[in-house]
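Chain by chain, the residues:
Protein chains: 2
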Amino acid sequence: MEASVEHPYVPRDLKLPGFVPCSLSQSAILLVYGVSSLLVVSLVWLLSGRSPKKSKIDRWLMCWWAFTGLTHMIVEGYFAFSPEFYKDKTGFYLAEVWKEYSKGDSRYAARDAGIVTVEGLTAVLEGPASLLAVFAIATGKSYSYILQFAISLGQLYGTAVYFVTSYLEGDHFAASSYYYYAYYIGANASWIVIPTLISIRCWNKICAAFQIQGQKKAKVR
Amino acid sequence: MEASVEHPYVPRDLKLPGFVPCSLSQSAILLVYGVSSLLVVSLVWLLSGRSPKKSKIDRWLMCWWAFTGLTHMIVEGYFAFSPEFYKDKTGFYLAEVWKEYSKGDSRYAARDAGIVTVEGLTAVLEGPASLLAVFAIATGKSYSYILQFAISLGQLYGTAVYFVTSYLEGDHFAASSYYYYAYYIGANASWIVIPTLISIRCWNKICAAFQIQGQKKAKVR
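Here the protein sequences line up with chains Z and R, keeping their order.
Residues 1 to 221 (this note's numbering) are what the first sequence spells out, left to right.
Residues 1 to 221 (this note's numbering) are what the second sequence spells out, left to right.
Worth flagging that the hints you see were computed from the coordinates, not collected in a lab.
The reader is advised that the hints may include incorrect statements.
The list treats identical chains as one, so a pair stands whether inside a single copy or across any two.
25 Å max Cα-Cα, derived SDA-like pairs, lysine to any residue [what the hints assert, rightly or not]:
#, residue 1, residue 2
1, Lys141, Met73
2, Lys87, Gln211
3, Lys141, Ser51
4, Lys141, Leu197
5, Lys205, Tyr143
6, Lys219, Ala136
7, Lys15, Tyr180
8, Lys54, Ala218
9, Lys53, Tyr183
10, Lys219, Ser190
11, Lys205, Gln215
12, Lys217, Ser55
13, Lys216, Pro52
14, Lys56, Val41
15, Lys205, Ser142
Please construct the entire structure, taking both the sequences and the accompanying hints into account.
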């Protein structure tokens, strides 16, 4: 029989048999994520700069879609398909990420069905779609704006489900108010602000395209 | 103390103190919903026919958006904000609807957080947005397609969360396989098929508008 190790999550009565504590420190986890993200963003920024036609905003959007797409596929994809990550003894980085993040929201360790669903949809649909958005912007596809709009709306819907379910269940899943604000609120805030801005921009671009189409039709008549 | 009445839902160990059985029959519930929906659809069809410019497909879409918008706001809106519908003694129609539907998915009576979240978002955001879509099509707004696309995607995301959470929790919420297929599958199927068709149509229309815009820009050069 395995020795029972106490987990650091709230609610305290959550049962996690076989739990193995985090072996990486918070700063090590953040450093790896920060450095890898910076590498991805720098690479996309440099490569996109080769095309003289690309505006700075398009280049920033390509960086965002590469960053968010890889986060969805690798980090969230690992969670969605690893129900026993909290038992990992090897110090595997992605398991450590979710052991640490669960301090801000224990529903991850507890395998809440709503969380797994949202993370699964995000990893499987929005992840690859985000990488497609990098390609669509790079090559100036006509579906570029509607694709970016669709992914952003999916991200916003997922975040809404994430926060509303927690609210309805009593919002008592963080180990302390530090973890509540740093992880539960802080780590998710970008996925509210940026998709909102992108949605508004795409909505306006799409409306403008129909106005031009309308003017063209009027001229043809 | 209230007399304890046994509920007809599965799982059998679900606790619903104060439960009052359905007083309307299944056919009465369906008849009221069917007749009211037919009234709404007929009214929108007739009114939209007054404008000679509207295509048949636009008129059908206006009927759909009026029907789905009112369903979201009235039927699902009632559920989202009535945690104790299963205790209703007055035979109030909307309470009866959800008492009956819970035979296909007891998570409604059990007030599952995922269900309440999806129904709440649907009622509060997609309901009014659907009625706005009727207006947008009627008046030929430039945001007509992107709005229809956004609502359809929201409906599809909500339906995905609805089915995936149930699957992850063991898919054991129907009172019998009749209720499983008639209510859980049957009643939701339209909200997969129709939003999918509308999304594809809007996606194509939006891409076409950007192709025209691209051609126009090329000509200007």
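Going through the hints against the structure:
no.: 1; hint: Lys141 to Met73; result: within (23 Å within a copy, 37 Å between copies)
no.: 2; hint: Lys87 to Gln211; result: neither (56 Å within a copy, 52 Å between copies)
no.: 3; hint: Lys141 to Ser51; result: within (15 Å within a copy, 35 Å between copies)
no.: 4; hint: Lys141 to Leu197; result: both (21 Å within a copy, 22 Å between copies)
no.: 5; hint: Lys205 to Tyr143; result: both (12 Å within a copy, 10 Å between copies)
no.: 6; hint: Lys219 to Ala136; result: between (30 Å within a copy, 23 Å between copies)
no.: 7; hint: Lys15 to Tyr180; result: within (21 Å within a copy, 32 Å between copies)
no.: 8; hint: Lys54 to Ala218; result: between (31 Å within a copy, 17 Å between copies)
no.: 9; hint: Lys53 to Tyr183; result: neither (38 Å within a copy, 53 Å between copies)
no.: 10; hint: Lys219 to Ser190; result: neither (43 Å within a copy, 40 Å between copies)
no.: 11; hint: Lys205 to Gln215; result: both (15 Å within a copy, 16 Å between copies)
no.: 12; hint: Lys217 to Ser55; result: between (29 Å within a copy, 17 Å between copies)
no.: 13; hint: Lys216 to Pro52; result: between (29 Å within a copy, 21 Å between copies)
no.: 14; hint: Lys56 to Val41; result: within (13 Å within a copy, 48 Å between copies)
no.: 15; hint: Lys205 to Ser142; result: both (12 Å within a copy, 11 Å between copies)
Hint check: violations occur at hints 2, 9, 10; the rest are consistent with the structure.
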